[in-house]
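**Student:** Starting from the given sequences, assemble the full structure and let the hints guide the process.
Residues per chain are reported as follows:
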Amino acid sequence: MNVNPPMIPPIPTPPGAPQESVVPNSPIADLSYRNYDGPLRPPIFRWWTVCRMSLRLLWKKPWFWGIAAICLFPYLIHAIFYYFAGSVTIQILAIQFPELADLPSFKFPLQMYSAFTGNINSIILLTIALLAGAGSTSIAADNQANALQVYLSKPIGKGDYLLGKWMCIFLSVFVVAAIPAISLYLFFLTVYATQGFLHDAPWLWLQTLAVTLLPAAFHASLLVGIAAWSRSPRMVTAIYAGLNFITYVMAPVLGRILSHVYHRDTWQNLLITHASLQGILDGLAQNIFHMPDVNLLFIRREPHLTPMPPLWPLVIASLVLMGISLAAARAKIHAVEVVKG
Amino acid sequence: MIVLEHASRWYGQVIGINDVSCRIMPGITALLGPNGAGKSTLIKLITGQLRPSTGTVTVLGEAPFANPRVFRRLGYCPELERGCDDMTGRYFVTLLAHMGGLPSASIPQRVSEVIEFVGMTENADRKIGGYSKGMRQRIKIAQGVVHDPDVLVLDEPLNGLDPIGRREVTGLLTGLADKGKCVVVSSHILYEVEHLTRNILLMNHGRLLAQGDIYTIRSLIDAHPHRIAIRSKHARALAIHLLNLPYVLSARLDAPDATQVEVETRSPDTFYSQFPDMVLEHGFDITSFESPDNNLESVFKYLVNESGTKATQ
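Those protein sequences? They're chains E and R, same order as listed. The first sequence runs 1 to 341 under my numbering. The second sequence runs 1 to 313 under my numbering.
No wet-lab data here; the hints were simulated from the structure. Misleading hints may appear alongside valid ones.
List time: in silico DSSO-like cross-link candidates among lysine-lysine, alpha-carbon distance up to 27 Å [as the list claims (entries may be wrong)]: (1) E:Lys60 with E:Lys158; (2) R:Lys233 with R:Lys179; (3) R:Lys179 with E:Lys61; (4) E:Lys158 with E:Lys332; (5) R:Lys127 with E:Lys60.
Some but not every residue of chain R turned toward chain E, in silico, with C-beta under 10 Å [to be verified]: (6) Leu50; (7) Glu79; (8) Ala105; (9) Val145; (10) His147; (11) Arg207; (12) Gln211; (13) Tyr215; (14) Val248; (15) Leu249; (16) Leu253.
Covered, in the sense of this in silico footprint (three residues per stretch, anywhere, with C-beta under 8 Å from a C-beta of chain E), are these stretches of chain R [claimed, not checked]: (17) 92-103; (18) 161-169.
Nothing here was measured: the structure is a model prediction, and the numbers come from that model. All C-beta atoms, glycine included, are put in the ideal place defined by N, C-alpha and C.
**Tutor:** Here it is in structure tokens:
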């Protein structure tokens with residue numbers, strides 16, 4: 001039996017629309033090149049495109065969030081510790097470190113500071129920075145693949161590209177640092193709001209924000225500077241991790257030796273103790289929380305508080321390092337490698 | 001569309017290109033030359049990645065170096081072997097559409113259009129890391145045309161492609177040229193370029209040796225006589241007759257069995273017009289007739305050798 005296919009009614013033409021755009025003239029599809037006659041956006045905020053691309057590739061990887069989750073642990077431990085034994089701990093600390101008792105409302109900032117400057121936290125933040133700044137989304141990876149030739153042939157400047165890559169590392173580290181810190185802050189706020197939390201620590205939210213922004217900006221600037229000069233992401237990882245590790249080990253040893261030689265903690269000794277990449281961040285965090293160096297979980301046998309290092313030399317050191325790195329990156333980023341003969 | 005006037009570019013003591021002047025108009029133009037000829041430098045000058053040391057380069061009326069206005073109307077497909085492997089083809093093109101300045105709302109449709117144009121619709125959502133070389137070339141072309149540029153520059157687009165891939169890419173480029181785009185193709189695969197265009201820029205040692213139509217250039221090479229190979233059962237008799245013609249310089253029997261005669265002439269047009277009459281008049285049985293000089297490779301060889309000889313002198 002011959003069954004005719006049902007007739008497909010023509011699509012009604014909306015008022016004002018061209019007739020030929022709705023019903024094709026030929027049953028064969030036109031696969032030839034079609035011009036784009038729409039508008040183009042002005043070349044602003046293109047850095048966000050670069051940043052979004054890098055973030056999407058990085059944040060899509062499950063292990064990124066796995067590693068980031070480890071950063072929750074120090075804050076979680078401090079929250080549990082404080083919840084169950086907070087007042088007892090404070091009393092013990094007050095006996096062991098009478099200097100602490102003189103500090104105004106130290107208990108909450110102490111928890112926050114101690115969690116933030118814990119070893120796990122520093123290592124995770126460094127790892128996240130390395131993943132973002134020295135991984136497959138880094139400038140070094142783009143250099144290796146000559147991808148800058150493609151990106152910089154579009155109407156984006158090298159400033160846009162650099163800012164996009166910097167922002168990727170910055171946001172990655174900031175998110176990983178800030179989420180647990182803000183969670184701990186909110187925990188304090190909800191549990192101790194009626195017990196004078198806001199009165200005791202009115203600026204803790206600002207201190208928390210500042211201290212989480214620090215490693216993000218610091219790692220981002222330094223990694224962008226190193227990655228721009230490299231064509232190998234692995235080399236960038238090795239250099240930056242090595243630089244962190246060596247200075248982190250050497251600086252306190254040198255500071256301790258000087259302190260034994262001169263039998264006192266001078267500000268110069270303190271600065272030398274903090275003359276490492278991590279030391280600068282720790283020193284700045286100490287100043288922001290206004291806390292001497294004390295670890296709540298691992299109380300020393302001989303009660304001894306390391307005083308805060310002076311603020312301005314650390315600020316200047318960090319700004320100089322970040323400035324040099326960014327300037328080096330800007331000087332190096334080109335679509336093509338120009339070899340001088 | 002593209003104008004170079006006495007453009008030179010040095011890398012310290014090394015010359016990239018030297019005093020190059022040329023005009024590139026809409027259609028396909030092939031940029032030819034051996035390694036180190038200055039092709040890549042010329043492409044980087046056109047795409048605004050390098051600034052000329054002296055002279056001027058203008059693309060669409062403006063200096064291209066770090067000029068976003070030019071970049072909006074310029075597409076570039078570099079020789080990108082690896083990289084962006086974690087992205088899907090569609091995401092790669094989408095990303096570059098964002099960078100090219102297309103509004104977010106129109107990007108999905110435009111990306112689908114150009115992906116369809118390059119024949120990658122089925123593979124667009126796979127990661128680039130798993131693409132074949134031909135697929136990579138096609139997705140590079142897609143990113144190059146996603147913002148609908150007036151000028152498209154491609155660095156070795158046929159390199160490493162199989163015959164089918166070459167034919168497909170050649171078809172894509174021809175399609176773009178048919179739409180009025182200015183397509184500049186750098187290549188060292190002379191045979192394939194010959195199928196792509198007759199319009200060439202020939203470079204060697206940083207100098208522009210020749211530009212224009214391949215056959216016109218060939219006819220202007222007076223230093224090298226035009227060769228024509230003729231196969232015939234009566235090759236010896238044919239050679240004797242040919243040597244009597246005033247515009248024939250030499251006639252050489254090539255094959256051991258003497259079935260082919262190779263003629264050298266400085267007036268190929270006269271030869272081609274009078275040869276059929278001579279064949280009919282004497283009843284020669286011609287089995288094949290070809291000019292090995294009438295291709296790009298021989299022009300390239302002649303010009304490069306001549307340039308090398310002059311440089312030595």
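**Student:** Now, for every hint given, state plainly whether the structure supports it.
**Tutor:** Against the structure, the hints come out as follows:
Our distance criterion of 27 Å between C-alpha atoms is met by Lys60 (chain E) and Lys158 (chain E), whose separation comes to about 26 Å. Between Lys233 (chain R) and Lys179 (chain R) the alpha-carbon distance is near 49 Å, which puts this suggested pair outside the 27 Å criterion. Proximity of Lys179 (chain R) to Lys61 (chain E) is assessed by CA-CA distance (about 42 Å); at most 27 Å being required, the pair is judged violated. For the hint pairing Lys158 (chain E) with Lys332 (chain E), the CA-to-CA distance comes to about 10 Å; that is within 27 Å, so the pair holds.
With a C-alpha separation of about 14 Å, the suggested pairing of Lys127 (chain R) with Lys60 (chain E) holds against the 27 Å cut-off. With a cut of 10 Å, the hint placing Leu50 (chain R) at the interface with chain E holds, because the nearest CB-to-CB distance is about 6 Å. Checking Glu79 (chain R) against chain E: minimum C-beta separation of about 8 Å stays under 10 Å; hint holds. Evaluation of the Ala105 (chain R) hint against chain E yields a held restraint, the C-beta minimum of about 9 Å falling below 10 Å.
Hint status for Val145 (chain R): holds, given a least beta-carbon distance of 7 Å to chain E, under 10 Å. Among the interface hints, the one on His147 (chain R) holds; its C-beta lies about 7 Å from the nearest C-beta in chain E, closer than the 10 Å criterion. Interface hint status for Arg207 (chain R): violated, as the beta-carbon distance to the closest one in chain E is roughly 17 Å, over 10 Å. Among the interface hints, the one on Gln211 (chain R) is violated; its C-beta lies about 24 Å from the nearest C-beta in chain E, farther than the 10 Å criterion.
Contact between Tyr215 (chain R) and chain E, as hinted, is not supported at the beta carbon level, the nearest pair being about 28 Å apart and thus beyond 10 Å. Among the interface hints, the one on Val248 (chain R) is violated; its C-beta lies about 48 Å from the nearest C-beta in chain E, farther than the 10 Å criterion. Here the hint on Leu249 (chain R) is broken, as its CB sits about 44 Å from the closest CB of chain E, past 10 Å. The beta carbon of Leu253 (chain R) comes no nearer than 51 Å to any beta carbon in chain E, farther than 10 Å, and the hint placing it at the interface is violated.
Only when three residues or more bring their CB closer than 8 Å to a CB of chain E does the claim for the region 92-103 of chain R stand; here the count is 8, and the claim holds. Given as covered by chain E, the region 161-169 of chain R fails the check, having 0 residues with a CB less than 8 Å from a CB of that chain where 3 are the minimum.
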